[in-house]
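So the protein lines, in turn, are chains A and B. Under the numbering used here, the first residue of the first sequence is numbered 1, with each subsequent residue one higher. Under the numbering used here, the first residue of the second sequence is numbered 1, with each subsequent residue one higher.
Derived by calculation from the structure, the hints in this document are not laboratory data. Since the structure is predicted, the reported quantities are computational estimates derived from the model, not experimental observations. A portion of the hints provided could be inaccurate.
No more than 25 Å apart at the CA atoms, straight line, and that leaves these computed lysine-lysine pairs for DSS-like [said to hold, decoys possible]:
#: 1; chain 1: B; residue 1: LYS93; chain 2: A; residue 2: LYS257
#: 2; chain 1: B; residue 1: LYS87; chain 2: A; residue 2: LYS257
#: 3; chain 1: B; residue 1: LYS267; chain 2: A; residue 2: LYS307
#: 4; chain 1: B; residue 1: LYS267; chain 2: B; residue 2: LYS72
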Amino acid sequence: MSKLDFEKPILELEAKIAELRNVGSDSSLNISDEIRRMQAKADRLLQQTYGKLTPVQKVQVARHQDRPHFLDYVRGMIEDFTPLAGDRRFAEDKALLGGLGRFKGRSVVIMGQEKGSDTESRIRHNFGMARPEGYRKAQRLLEMASQYQLPVITLVDTAGAYPGVGAEERGQAEAIAKSIEACLRTKAPILSVVIGEGGSGGAIAIATADRVFMLEHSIYSVISPEGCASILWRSADHADDAATALKLTAEDMLGLKLIDGIIQEPIGGAHRAKEQTIENVAKQLDSSLNSLIPWNDNDLKQSRRDKFLAMGRNL
Amino acid sequence: MNWLNNFIRPKIRSLVTQQKDVPDNLWQKCATCEGMLFNRDLSENLNVCYHCGHHMKITVDERLRLLFDDAKWDEVRLAKVAQDPLKFKDSKKYADRLKAAQTKSRRDDGIIVAKGTITGIPVVIAAFDFDFMGGSMGAGVGEGVVRAAEEAVKTNSALLAIPASGGARMQEGALSLMQMPRTIIAVEMVKEAGLPYFVLLTDPTTGGVSASFAMVGDIHLAEPGCMIGFAGKRVIQETIREELPPRFQTAEYLVDHGMVDMVVPRKELRATLGRMLGLILRPGFDAHGTGRSNKGGSAPKSPAKGGSDVRTAANAARNIAQLAPKLATVKKKKPANTSTPVRKAAAK
Ligand SMILES: [Zn+2]
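Could you put together the complete structure from these sequences and hints?
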C-alpha cells in the first residue's frame with residue numbers, strides 16, 4: 001500500500017542487498033564488495049528517480065503514508081506542546097489539530113491537518129479532511145495568537161475540506177472563508193509549510209500566511225488531479241495529464257510566485273528520512289521567524305495583504 | 001408535455017427557418033413545474049416562472065438592469081491580467097476557450113463591475129457572468145472583485161457582490177485558489193471603510209467562490225431555489241454513499257441552517273436592498289454628535305441625488321476611527337489613500 005510503483009526497482013534492489021547481508025554475515029570479501037556495488041547502484045537509482053519526479057509521481061510522494069505528518073513535526077520540533085480542543089460552538093475536530101508550544105525557545109501557536117499514521121488514527125483524524133469545526137477552531141487559535149502576540153505556524157496536509165452533508169449544513173464554505181479572513185486579521189506573523197498535500201480551500205484556509213513554504217515533493221492545487229481529470233478530460237484516467245497541467249509542484253508554485261520558498265527533502269523523499277525532513281523544516285521556520293520578529297501589527301497585516309494582492313499581477 | 005415537443009416544436013422550427021426575425025424559441029418549459037412559458041411573458045416576469053415562481057437564470061446585464069435605479073449604471077474598466085499563465089491544455093487549450101468566451105461576451109472575463117444607485121444610494125456591484133466559463137473565478141474575476149472594492153471605497157459606495165459561479169477556474173491552477181484570500185482582502189477594505197458589504201447569492205454559488213467573499217457579507221440575500229454550497233453534490237454522494245436530504249444546498253436550506261439572512265424573490269430585490277441600505281446608511285440620528293448627519297431617514301426621493309452626501313456622520317466617524325491607526329503608520333499620504341495600497345499598484 002505504501003509502496004510507490006516507480007520506486008519498485010529501488011525497493012527490489014534494496015531487498016536483495018538486505019538478503020545478501022543476511023547470507024554474508026560470515027563476511028567473505030566477495031559478498032561485501034557486491035553489497036557495496038549494489039548499494040551504490042541503489043543510491044544512484046534513488047537519486048536519479050527523485051531528481052526528476054514527474055508531477056503525478058510527486059502527487060504520490062506527497063500522499064505517501066509514511067511521510068511525516070503534523071504530529072511527527074510537533075514531536076520533532078515543538079517543546080511543551082499543549083493541544084487545545086474545540087471550536088466553542090459545536091465540536092472538536094481531530095482532522096485539524098492545534099495548540100500552544102515552544103519552537104526553538106519561542107512560544108507559538110501551531111496548527112495543521114493530521115492525516116493519521118495507521119488505520120485507526122486515520123479514521124480518528126478523518127484522513128486530515130476537516131469539517132467546519134476544524135476551521136472554526138483555527139479561527140479561535142488565530143484570534144488567540146493576536147491576543148497574546150504569538151507567532152503562528154501552520155502545517156498544511158489535506159486532500160481538502162471534508163465533503164459531507166453535516167459539513168455543508170454547518171457551513172463549510174463560511175468556515176473556510178472566515179478562516180482566511182482570520183488569517184488576514186491576525187496581528188502576529190503566520191508561517192505556513194505545505195508538508196504533503198495542499199488541497200484547495202481546505203489548505204488556503206490556514207495558509208493565508210506571511211511566508212508560505214512547500215516541501216520539495218509536496219503539492220498545492222486548486223483541485224485534485226483526479227477531480228480535474230474527471231471534469232475536464234471526463235475521465236479520472238487522465239490524472240497524470242491533469243497533474244502536469246495544474247502546475248501543482250513546489251517548483252511550479254515558486255515559478256508562479258505563489259509561494260516564498262522550497263524546503264529540500266532528503267534524497268528519496270521525506271518518507272525515507274522523517275527526522276532529517278523535520279529538521280529541514282524547523283531550520284527554515286526558525287530563520288523566517290527571525291526575520292519577522294519584532295513586528296508592527298499594522299505593517300505586518302498590510303504586507304500580508306500586499307503579498308496576496310500582488311499574486312498574478314507580478315507574472 | 002411531450003406532445004408539445006413533438007407537435008408544436010417542429011412547427012415553430014419551420015417558422016424560424018422561414019422568418020429570421022422570430023426568436024429561436026418562442027416558448028419554453030419550466031424545469032420545475034413543466035408549465036409552458038412564453039418567452040415574452042417570461043422575460044417581462046424577470047425570467048421567473050409565472051406558474052410556480054421558479055427563478056431561471058438571467059443574464060448579467062438583465063441583472064444590473066433590474067437592480068440599479070432607472071436601469072442605469074457606469075461600468076468600471078478592469079485591468080487586464082495575465083492570460084493563461086499556466087499554458088493550460090486539456091482537450092482544448094485554455095487560451096482558446098478564454099478567447100471564445102471573450103468574443104462571445106465581449107468582455108475580458110466573467111465579471112462586471114458597475115456603479116450606480118439603488119433607491120438613491122450609491123452602490124458598486126460586482127456581478128458574475130455565469131455564461132462566461134460557468135462564472136469560474138480566476139485571476140481576472142478576482143481582480144474584478146478587488147477593483148469593485150477599491151471603487152466602493154473611493155466613491156463611498158456600498159459594495160454588492162453577486163456571485164454566480166461553479167467555483168475556482170481550474171485552468172488557472174493555484175492562481176485561481178489565491179483569489180479566495182484576494183477577494184476577502186477586497187471585502188476587508190470595504191468593511192474597514194465602514195461601508196456596507198452585501199452578498200446576493202444566485203444560482204449557483206459553490207466551491208472556492210462560496211468559500212471566500214460570498215460568505216463574509218454583512219448581509220446575505222439569496223434568490224429562491226438557488227444552489228449554494230461548498231462541495232459538489234456528486235462529490236458528497238461519492239463520499240458518504242447516501243441519499244442527500246431534500247432541498248439540500250438550496251437557498252432555503254441555507255436560511256434554515258443559519259448561513260443566509262433571507263430569500264428574496266427577484267421582483268423584490270431592488271426594494272429590499274434599498275430598504276436595508278437606507279436603514280444602515282440613513283440612521284436618522286447623529287450617533288457621535290459630529291454635526292455632519294444628513295438627518296437621515298429622509299426617503300430617497302430623488303435617485304439622481306445621493307452621491308457622497310449619502311454617508312451619515314455616524315458612518316463617517318466610524319470610518320475616521322478606523323483609518324486612524326493606519327494614518328499613524330502612513331503619515332505622508334492623504335487619508336483617502338491610506339486604506340487602498342492596491343490602487344497604487346492598479347494605477348501603474
Ligand atoms: Zn414553473
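Tested hints:
1. Taken as a hint, the B:LYS93 and A:LYS257 pair is honoured in the structure, with Cα atoms around 23 Å apart against an allowance of 25 Å.
2. Of the supplied pair hints, the one linking B:LYS87 and A:LYS257 holds, its CA atoms being roughly 16 Å apart against a limit of 25 Å.
3. At most 25 Å may separate the alpha-carbon atoms for a hinted pair to count; B:LYS267 and A:LYS307 exceed this at roughly 41 Å.
4. For the hint linking B:LYS267 to B:LYS72, the alpha-carbon distance of about 17 Å falls within 25 Å, and the restraint holds.
Going down the numbered hints, you'll see the structure goes against just number 3.
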